[in-house]
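**Student:** Letter by letter, the chains look like this.
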Amino acid sequence: MLRVRQLSRPGLAPFDLDLADGECVALSGPSGAGKTILLRAIADLDPNQGSVSLDGVGREAIPAPQWRARVCYLAAEAGWWADTVAAHFPDTQAAAALLVELSLPPEALGWSVSRASTGERQRLALARVLLLAPRVMLLDEPTSGLDPEAAARVEAILGARLERGAALLVVTHSPEQAGRMARRRLTMDHGRLNEGPP
Amino acid sequence: MTFISLSFADVALSAVLLVVNAGLSLALSLGLARQMAIAATRMVVQLLLMGLVLKVLFELSSPLLTSLTALVMVLFAGREVMARQKRRLAGWWAYGIGTTAMLFAGTMVTVFALTTQIRPEPWFEPRVALPLMGMILGNTMTGVSLGIDRLLTGAVDARVSIEARLALGHDRTEAMGGVVREALRTGLVPTINSMSAVGLVFIPGMMTGQILAGVAPMEAVKYQLLVMFLIAGGTAFGVLGAVLAGSRRLSDARHRLRLDRLLPGAAED
Chain A
1 MLRVRQLSRP
11 GLAPFDLDLA
21 DGECVALSGP
31 SGAGKTILLR
41 AIADLDPNQG
51 SVSLDGVGRE
61 AIPAPQWRAR
71 VCYLAAEAGW
81 WADTVAAHFP
91 DTQAAAALLV
101 ELSLPPEALG
111 WSVSRASTGE
121 RQRLALARVL
131 LLAPRVMLLD
141 EPTSGLDPEA
151 AARVEAILGA
161 RLERGAALLV
171 VTHSPEQAGR
181 MARRRLTMDH
191 GRLNEGPP
Chain B
199 MTFISLSFAD
209 VALSAVLLVV
219 NAGLSLALSL
229 GLARQMAIAA
239 TRMVVQLLLM
249 GLVLKVLFEL
259 SSPLLTSLTA
269 LVMVLFAGRE
279 VMARQKRRLA
289 GWWAYGIGTT
299 AMLFAGTMVT
309 VFALTTQIRP
319 EPWFEPRVAL
329 PLMGMILGNT
339 MTGVSLGIDR
349 LLTGAVDARV
359 SIEARLALGH
369 DRTEAMGGVV
379 REALRTGLVP
389 TINSMSAVGL
399 VFIPGMMTGQ
409 ILAGVAPMEA
419 VKYQLLVMFL
429 IAGGTAFGVL
439 GAVLAGSRRL
449 SDARHRLRLD
459 RLLPGAAED
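So the protein lines, in turn, are chains A and B.
Residue numbering for the first sequence follows our numbering, starting at 1 and increasing by one per position.
Residue numbering for the second sequence follows our numbering, starting at 199 and increasing by one per position.
These aren't lab readings, by the way, just hints derived from the structure by calculation.
Incorrect hints may appear among the rest.
[Stated by the list, open to error] Quick list of simulated restraints, FRET-style, between CB atoms:
hint : chain 1 : residue 1 : chain 2 : residue 2 : range
1    : A       : S112      : B       : L222      : 43 to 49 Å
2    : A       : S51       : B       : L230      : 54 to 60 Å
3    : B       : S260      : A       : G58       : 57 to 63 Å
4    : B       : P462      : A       : S51       : 29 to 35 Å
[Unchecked claim] One side of the interface only, derived from the structure: several residues of chain B facing chain A at Cβ under 7 Å:
hint : residue
5    : S359
6    : R363
7    : G376
Quick caveat, the model's predicted, so the values are computed rather than measured.
Ideal Cβ positions, reconstructed from N, Cα and C, are used throughout, including at glycine.
Start from the sequences, fold in the hints, and give me the full structure.
**Tutor:** See the structure below:
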């Protein structure tokens, strides 16, 4: 359903990529190889060349904000634009239910962002993405700051989304996580995308 | 009370204060003496030139020369705005956004005041138009430079949170809203503060001038109020125009944050 053809930008050699419904692809490679740039290019967050379409509709045909809500990128370092956690969630009821699934207390919505730990913030940021129910999720190291138990929770939730037909492109440095989550592996090296594990 | 004329010796005597301060700076090695000397010299040369130019312009009373002078004032104000930015947009934009905003705001407000309130004969009378334009422009310049500086610095500092919003499907107006509001506030605060403090903390320069020239206090107050309203209006229009244009330039039609349109390197001083 997501079809990428000859997508490129400075630091990223042209590449093709197809993601089917319910498919999870793991992307690995050394730091600075261009993994983040690749995710950002698909989400159209930086100027880039090439064509990307979702279910046959080119992204130029869709306003950029709608495109990004459907093909949603989550940065490794989450950003916060208000003081309280709740201000980042349009629907706090739905958010509270999801926080429990992510083993966060529902009271977390009343916290100030600065109070949350790195791992808590990472899950809160993921919750923002999950609540949009995007067709494609582009996740940049979504469990890097989590303990194994919390990471397993996140993997389980993502697995459930895959079963419901979402597609996932996930950057991970952990071969174990890549093996658990993805049938297909890609490797980034000096701005080039290659099939297979490193 | 009548107007008391000053001799150049009187003026020179007032400069003694600055010389003493420059001496102190040298003695304490504060490194300010050079800057003070350059600024003071610039002030003397610029004002003397302006005196000569105004003398000629007032005698000629030509609409073309008057508007040309106003334009030159705007262009210098634009240069000043650019010089005060820690970060700059690449290319013509660094100069263009502030200058265009001030040109529109300054001209609009000045023409409005000349044609509907002060109504000199003829309406472009340089004796009225140029000082008025100068006062409006001077204040608008401060607001615009503060606003643009805050916008550009703010967008760089808030990059992660702006892009987090964009990635979640917020449009550029929402995503940059916080930074834009902060920049508008920063640009307008000096004007708002001076409106609250005027008359309590200080007697503004124009009113002081009119009183020294022998005008009755109440007449001077009316002029000052008019000018303060014009200044506040002009500054608000100028800041709004410059900050909104700047935020458009920092983003694009695909709702991306375009920090690549800032000059690299100009940041760390």
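**Student:** Do the Cβ positions of S51 of chain A and L230 of chain B conform to the proposed distance bound of 54 to 60 Å?
**Tutor:** holds, 59 Å
**Student:** Is 29 to 35 Å right for how far apart the beta carbons of P462 of chain B and S51 of chain A are?
**Tutor:** holds, 30 Å
**Student:** Please test the hint of 57 to 63 Å on the beta carbon pair from S260 of chain B and G58 of chain A.
**Tutor:** 59 Å Cβ-Cβ, so the 57 to 63 Å window holds.
**Student:** Mind checking the hinted window 43 to 49 Å against the Cβ distance between S112 of chain A and L222 of chain B?
**Tutor:** Between S112 of chain A and L222 of chain B, where Cβ atoms are some 47 Å apart, the hint holds.
**Student:** With 7 Å as the cut and Cβ atoms as the points, is R363 of chain B at the interface with chain A?
**Tutor:** holds, 6 Å
**Student:** Closer than 7 Å between Cβ atoms is the bar; does G376 of chain B clear it against chain A? Give me holds or violated.
**Tutor:** holds, 6 Å
**Student:** Min Cβ distance, S359 of chain B to chain A: is it shorter than 7 Å?
**Tutor:** holds, 4 Å
The structure agrees with every numbered hint stated previously.
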